Amino acid sequence: MFRKIWNSVSGVYLLYELNTCIYMLDPWEKRFVRLLIFSSYTFLPDYTRKLVYALLPAAHSSLSDLDLDHQRSMELKIH
729 MFRKIWNSVS GVYLLYELNT CIYMLDPWEK RFVRLLIFSS YTFLPDYTRK LVYALLPAAH
789 SSLSDLDLDH QRSMELKIH
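Plus 728 on top of the position in the sequence shown (first one is 1) and you've got the numbering used here.
Source of the hints: derived by calculation from the structure; they are not laboratory data.
Please note that a few of the clues may not be correct.
[What the hints assert, rightly or not] With a straight-line Cα cutoff of 20 Å, these simulated SDA-like cross-link-like pairs (lysine to any residue) come out:
{"id": "1", "residue 1": "K758", "residue 2": "N747"}
{"id": "2", "residue 1": "K758", "residue 2": "L742"}
{"id": "3", "residue 1": "K758", "residue 2": "T770"}
{"id": "4", "residue 1": "K758", "residue 2": "E745"}
[Unchecked claim] Now the in silico label distances, taken between C-beta atoms and shown as ranges:
{"id": "5", "residue 1": "A782", "residue 2": "N735", "range": "31 to 41 Å"}
{"id": "6", "residue 1": "F730", "residue 2": "P755", "range": "37 to 47 Å"}
{"id": "7", "residue 1": "L742", "residue 2": "L764", "range": "12 to 22 Å"}
{"id": "8", "residue 1": "P785", "residue 2": "S736", "range": "24 to 34 Å"}
{"id": "9", "residue 1": "F730", "residue 2": "P785", "range": "16 to 26 Å"}
{"id": "10", "residue 1": "A782", "residue 2": "T748", "range": "11 to 21 Å"}
{"id": "11", "residue 1": "C749", "residue 2": "P773", "range": "18 to 28 Å"}
{"id": "12", "residue 1": "Y775", "residue 2": "S736", "range": "17 to 27 Å"}
{"id": "13", "residue 1": "Y775", "residue 2": "T748", "range": "28 to 38 Å"}
{"id": "14", "residue 1": "M729", "residue 2": "K778", "range": "10 to 20 Å"}
In this text the structure is predicted, and so the values were computed from the model without any measurement.
From the three backbone atoms N, C-alpha and C, an ideal C-beta is built for every residue, glycine too.
Full structure from sequences and hints, please.
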(Lines of atoms letter the chains of each structure in order from A and count residues from 1; the text may use other names and numbers.)
(Lines give C-alpha, C1' and ligand atoms only; values in the text may rest on other atoms or scores of the structure.)
Protein backbone atom coordinates (compact mmCIF):
# COMPACT_ATOMS: atom_id res chain seq x y z
CA MET A 1 0.00 0.00 0.00
CA PHE A 2 2.71 2.46 1.03
CA ARG A 3 4.86 1.46 -1.96
CA LYS A 4 1.98 2.10 -4.37
CA ILE A 5 1.35 5.58 -2.94
CA TRP A 6 5.08 6.35 -3.00
CA ASN A 7 5.33 5.29 -6.66
CA SER A 8 2.40 7.47 -7.70
CA VAL A 9 3.74 10.51 -5.78
CA SER A 10 7.20 10.03 -7.25
CA GLY A 11 5.65 9.75 -10.73
CA VAL A 12 3.81 13.05 -10.27
CA TYR A 13 7.01 14.65 -8.96
CA LEU A 14 8.91 13.39 -12.02
CA LEU A 15 6.27 14.94 -14.29
CA TYR A 16 6.63 18.22 -12.37
CA GLU A 17 10.40 18.16 -12.90
CA LEU A 18 10.06 17.31 -16.58
CA ASN A 19 7.43 19.98 -17.24
CA THR A 20 9.36 22.71 -15.47
CA CYS A 21 12.70 21.55 -16.94
CA ILE A 22 14.38 21.40 -13.55
CA TYR A 23 15.24 17.71 -13.86
CA MET A 24 18.65 18.63 -15.28
CA LEU A 25 19.63 20.91 -12.39
CA ASP A 26 21.77 20.03 -9.41
CA PRO A 27 19.94 19.49 -6.10
CA TRP A 28 20.98 22.90 -4.71
CA GLU A 29 19.79 24.59 -7.93
CA LYS A 30 16.43 22.82 -7.66
CA ARG A 31 16.02 24.08 -4.08
CA PHE A 32 16.90 27.60 -5.20
CA VAL A 33 14.35 27.55 -8.04
CA ARG A 34 11.64 26.22 -5.71
CA LEU A 35 12.46 28.87 -3.12
CA LEU A 36 12.38 31.58 -5.77
CA ILE A 37 8.98 30.44 -7.06
CA PHE A 38 7.52 30.04 -3.57
CA SER A 39 8.79 33.37 -2.28
CA SER A 40 7.74 35.29 -5.38
CA TYR A 41 4.21 33.96 -5.14
CA THR A 42 4.03 34.39 -1.37
CA PHE A 43 5.48 37.87 -1.03
CA LEU A 44 4.60 39.33 -4.43
CA PRO A 45 1.34 37.63 -5.44
CA ASP A 46 -0.04 40.44 -7.61
CA TYR A 47 3.16 40.86 -9.59
CA THR A 48 3.56 37.11 -10.01
CA ARG A 49 -0.03 36.79 -11.20
CA LYS A 50 0.49 39.60 -13.72
CA LEU A 51 3.64 37.92 -14.98
CA VAL A 52 1.84 34.60 -15.41
CA TYR A 53 -0.97 36.34 -17.30
CA ALA A 54 1.54 38.10 -19.55
CA LEU A 55 3.46 34.92 -20.34
CA LEU A 56 0.48 32.55 -20.53
CA PRO A 57 -2.68 34.30 -21.76
CA ALA A 58 -4.67 31.05 -21.50
CA ALA A 59 -3.84 30.89 -17.79
CA HIS A 60 -5.99 33.95 -17.16
CA SER A 61 -9.24 32.05 -17.62
CA SER A 62 -8.12 29.03 -15.62
CA LEU A 63 -6.82 31.10 -12.72
CA SER A 64 -9.75 33.50 -12.53
CA ASP A 65 -11.55 31.28 -10.01
CA LEU A 66 -8.46 31.27 -7.81
CA ASP A 67 -8.27 35.06 -8.04
CA LEU A 68 -11.87 35.40 -6.92
CA ASP A 69 -11.24 33.13 -3.94
CA HIS A 70 -8.12 35.10 -3.05
CA GLN A 71 -9.97 38.43 -3.29
CA ARG A 72 -12.81 37.13 -1.12
CA SER A 73 -10.39 35.92 1.53
CA MET A 74 -8.58 39.27 1.49
CA GLU A 75 -11.88 41.11 1.89
CA LEU A 76 -12.73 39.01 4.91
CA LYS A 77 -9.37 39.75 6.50
CA ILE A 78 -9.66 43.51 5.91
CA HIS A 79 -13.15 43.92 7.33
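Taking the hints in turn, this is what the structure says about them:
{"no.": "1", "hint": "K758 - N747", "result": "holds, 13 Å"}
{"no.": "2", "hint": "K758 - L742", "result": "holds, 13 Å"}
{"no.": "3", "hint": "K758 - T770", "result": "holds, 18 Å"}
{"no.": "4", "hint": "K758 - E745", "result": "holds, 9 Å"}
{"no.": "5", "hint": "A782 - N735: 31 to 41 Å", "result": "holds, 37 Å"}
{"no.": "6", "hint": "F730 - P755: 37 to 47 Å", "result": "violated, 24 Å"}
{"no.": "7", "hint": "L742 - L764: 12 to 22 Å", "result": "holds, 21 Å"}
{"no.": "8", "hint": "P785 - S736: 24 to 34 Å", "result": "holds, 32 Å"}
{"no.": "9", "hint": "F730 - P785: 16 to 26 Å", "result": "violated, 42 Å"}
{"no.": "10", "hint": "A782 - T748: 11 to 21 Å", "result": "holds, 18 Å"}
{"no.": "11", "hint": "C749 - P773: 18 to 28 Å", "result": "holds, 24 Å"}
{"no.": "12", "hint": "Y775 - S736: 17 to 27 Å", "result": "violated, 34 Å"}
{"no.": "13", "hint": "Y775 - T748: 28 to 38 Å", "result": "violated, 20 Å"}
{"no.": "14", "hint": "M729 - K778: 10 to 20 Å", "result": "violated, 44 Å"}
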